[in-house]
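K.L.:
One letter stands for each residue in the lines below.
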Amino acid sequence: MIRVVVSPANIDLAAEMALAEANGVGAVATFTGLVRADPGVVGDVETLELEHYPGATEAALEGLACEAQTRWSLASVTVVHRVGPMRPGERIVFVAASSRHRGAALDACAFLIDRLKTDAPFWKRETRSGTAAWVEAREADDDAARRWT
Amino acid sequence: MIRVVVSPANIDLAAEMALAEANGVGAVATFTGLVRADPGVVGDVETLELEHYPGATEAALEGLACEAQTRWSLASVTVVHRVGPMRPGERIVFVAASSRHRGAALDACAFLIDRLKTDAPFWKRETRSGTAAWVEAREADDDAARRWT
Amino acid sequence: MAIRMLYFAWVRERVGTGEELVDPPASVATVAALIDWLAAGSPTHAAAFAERGRLRAAVDQVFVSLDAPIEGAREVALFPPVTGG
Amino acid sequence: MAIRMLYFAWVRERVGTGEELVDPPASVATVAALIDWLAAGSPTHAAAFAERGRLRAAVDQVFVSLDAPIEGAREVALFPPVTGG
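Residue numbers (the numbering used here), protein chains in the order written: chain D, 1 to 149; chain P, 1 to 149; chain G, 1 to 85; chain B, 1 to 85.
A portion of the hints provided could be inaccurate.
[Stated by the list, open to error] Beta-carbon label-pair distances, calculated as ranges: (1) G:Trp37 x D:Thr149: 30 to 36 Å; (2) D:Ala37 x G:Ala40: 40 to 46 Å; (3) D:Gly40 x B:Glu71: 56 to 62 Å; (4) P:Asp119 x D:Glu136: 36 to 42 Å; (5) P:Ala15 x G:Ala50: 47 to 53 Å; (6) G:Glu13 x P:Val5: 47 to 53 Å; (7) P:Gly89 x D:Val41: 47 to 53 Å; (8) D:Thr149 x P:Ala59: 39 to 45 Å; (9) D:Ser7 x G:Met1: 30 to 36 Å; (10) P:Leu19 x G:Ala40: 55 to 61 Å.
Source of the hints: derived by calculation from the structure; they are not laboratory data.
No experiment lies behind these values; they were computed from the predicted model shown.
Quick reminder that beta carbons are idealized off the backbone N, C-alpha and C, glycines included.
Between the sequences and the hints, there should be enough to build the whole structure, so can you do that?
P.N.:
This is the structure we're talking about:
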């Protein structure tokens, strides 16, 4: 099963886990990314806004999910990414990989989130003390994504 | 936060996730192990029974959780392990690690489940076609645990 | 043939629109040449595209480097490095 | 001094009990020697401990190898390799 969702709706973790577990598998690895308040010199993050490239974003995530499923023979791959405005503590992204044994699920989960960070067209804009600013890409993300090539 | 639970109760995933997320963190990685029916020559698994060493098991899990928290500066570590009889599809184990960034959470989650497999005193007994048999340890588990030393 | 340009994040804000139709001459053969051609025609575009090293591109929704050809392209997107997850 | 022996999984089944108190002589200095002493005193224990390579041990709830000393130990557990998770 490949499940890719890009949506402004809250991410329902229990529902996503139930889908990932519903395959008679032995192992489910997940990663959840949350909005951090991340106090800075100009105050805490009040709002985080996620912009995406409709069509291309979904295609990129489906491509990643297929690549993971083929590479690790997974029973299921889930990638749910929120877009639009959100607040600290809310979920931005949820990825899950399920398989018979744990090694494949854990590796695929790390692969999915590392590659998502560099390969999927999303852009973050933070608002602190009423002022919005685009978040800069992290070089560490490129390094993490390169591990898998 | 370190949370270690060894109990015959069902693992409540949503409640455990809520605890792991309640620290203003940016990343939560989880691993869930499920009972597999795992069809074999003597039929499917009907029941899986988990025996443990009361006291020593909890201490071993707390030791692992502390080691992970120190090694990766985690905001929270959760290890919940079920004991007693259970059926295919039910959760045996849930581990979660949360941190600011994803690398620490993902690595700590893999560490916890790899080391739990070799260092915590649990024993599995499967019943297939009415006959119970103790599950043999896998050499692959020793190899996975050694990665972290 | 007209190309549908898409802009995202601060590129969109600096260009002042998320989408426009453009019709470059046939001599404009790559994404980089397209950027040069757009910048030459408008100070707003020139300012938006000033930091060439911070621009990324997709041609017909496929991520490409700036030296990629645009022959036959129907949609070209320009945007900063991605920051999802 | 008496030692509380604990047995788990198939070791428990083969010994026929999960727990017993034993009082080895002072010359029994290691876990391996304790196993030998128990096996010498009872055919059931001898059978349960026959595959020495498949036995693991803990002394006072700390995992140890079979050549570990048992001086002062109050609790010694014998069991197969663990299979949790």
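K.L.:
All hints, please: hold or fail.
P.N.:
Hint by hint, here is what the structure shows:
1. Taking the beta carbon of each, Trp37 (chain G) and Thr149 (chain D) are about 33 Å apart, inside 30 to 36 Å as hinted.
2. Distance hint check: the CB atoms of Ala37 (chain D) and Ala40 (chain G) are about 44 Å apart, consistent with the given range 40 to 46 Å.
3. With their beta carbons about 58 Å apart, Gly40 (chain D) and Glu71 (chain B) fall inside the hinted range of 56 to 62 Å.
4. For Asp119 (chain P) paired with Glu136 (chain D), a C-beta distance near 41 Å keeps the hint of 36 to 42 Å intact.
5. A C-beta distance of roughly 51 Å is found between Ala15 (chain P) and Ala50 (chain G), which places it inside the suggested range of 47 to 53 Å.
6. At roughly 49 Å, the beta-carbon separation of Glu13 (chain G) and Val5 (chain P) lies within the given 47 to 53 Å, and the hint holds.
7. Separation of Gly89 (chain P) from Val41 (chain D) is about 50 Å and conforms to the stated range, judged on CB atoms against 47 to 53 Å.
8. Checked against the hint of 39 to 45 Å, the C-beta distance between Thr149 (chain D) and Ala59 (chain P) comes to roughly 42 Å, which is consistent with it.
9. A hinted range of 30 to 36 Å for the beta carbons of Ser7 (chain D) and Met1 (chain G) is consistent with their spacing of about 34 Å.
10. Evaluation of the 55 to 61 Å hint for Leu19 (chain P) and Ala40 (chain G) yields a pass: the beta carbon distance comes to about 58 Å.
Consistency with the previously given hints is maintained throughout, with no hint failing.
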